[in-house]
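Participant: Listed here are the chains, written in short residue letters.
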Amino acid sequence: MITQTSIWIAVIVSSAACYALKLAGMSIPQSWLAGPRIQRVAGLLPIALLTALVVVQTVTDHQSLVLDARAIGLAVAIALLIARASFPVVVVGAALASALIHHL
Amino acid sequence: MISDPILAYGSISAMTRLPDGERRRIRRDGLSLAFTVGMYGTAFGAASVASGLNLWQTSALSLLTFSGASQFALVGVLGGGGSALSAIATSVLLGSRNALYGLRLAPSLKLSGARKFLGAQLVIDESTAVSIAQEHHGDEGMHFGFWVTGLGVYVFWNLFTLLGALTARAMGDPATYGLDAAVPAAFIALLWPRLKGSKAWLAAATTILLVLVLVPVVPAGIPVIASALIALGFGWREGRA
Chain A
0 MITQTSIWIA VIVSSAACYA LKLAGMSIPQ SWLAGPRIQR VAGLLPIALL TALVVVQTVT
60 DHQSLVLDAR AIGLAVAIAL LIARASFPVV VVGAALASAL IHHL
Chain B
0 MISDPILAYG SISAMTRLPD GERRRIRRDG LSLAFTVGMY GTAFGAASVA SGLNLWQTSA
60 LSLLTFSGAS QFALVGVLGG GGSALSAIAT SVLLGSRNAL YGLRLAPSLK LSGARKFLGA
120 QLVIDESTAV SIAQEHHGDE GMHFGFWVTG LGVYVFWNLF TLLGALTARA MGDPATYGLD
180 AAVPAAFIAL LWPRLKGSKA WLAAATTILL VLVLVPVVPA GIPVIASALI ALGFGWREGR
240 A
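Line by line, the protein sequences give chains A and B. With numbering that gives the first Met the number 0 applied, the first sequence corresponds to residues 0 to 103, in that order. With numbering that gives the first Met the number 0 applied, the second sequence corresponds to residues 0 to 240, in that order.
No lab work stands behind these hints: they were computed from the structure. Mixed in with the good hints there might be a few duds.
Stated by the list, open to error - Cβ-to-Cβ under 8 angstroms is the rule here; a few derived chain B residues that face chain A:
id : residue
1  : L60
2  : L110
3  : L162
4  : A181
5  : W235
Every residue gets a Cβ at the ideal spot worked out from N, C-alpha and C, and that includes glycine.
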């Protein structure tokens, strides 16, 4: 189990780094990050990271692969996204579906 | 040349002045987006508490990190048993796009001094989107759209974070209410609008395979960081997006 100190370190360091990135964007010369390669990688970065987070959060428990109520929740979330539901509806829908399975 | 400073100011502001109707429209658009996005803060607050962070840590993230995907990632990795280091790395990688937003906005916002330090914190998806949407109104429209939306999201996001955290704390075991499924649902909702074009889908599919292969063999948190390599691999060479 992770300690409270480690959590605080994660919170503070990531906040400082995220702010530094925002400030750097406002401060550095336009030409530094204008290259098409950097733009392409930067556009794909959230796609890769968010996909990885979806997989990790849905079918893993620490280092093992597991299939439980969360997978049903995710399936419901995807169905709601295809039906063009809004963000709160998607999140609540997935939670309700998962909770329902959990209680069965 | 106009020597009278008041006249000079008048002529400049007449040249760039945003019509009142447009100003109202930008304010309405910006604030309604801010309120809607702010409500996601409830999901974040709840997810954060469900992942084992306390109320102060949860609020500190919304006040200081103030970037939705980075915050969800940090609590997601910590909640999944990842180390502080891998949580930080994932959160910072996701926050890197804000630097590109700042780069895009800086020439129009022209912020300096305290405004720049304050404004930088408000550089997020929504403030950038609303600001860029006002490009046809010139720098003044972009400026106004940025501040209205940025400040609006900041206020609502933090209020709703607190609401979500307090609610989750009062409810108890997260699995009973399906809160454990709320986190991946939030991630996929953030991901969905970005999945445009075959390259994006291919990158996502490759990421799924990579993560499934890595999870059993490397420490928690590492598979997510490793997925950044997919972005590097697919983005390195030019190709149809």
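Participant: Of all the hints numbered above, which does this structure not satisfy? Sort the numbers upward.
Facilitator: 3
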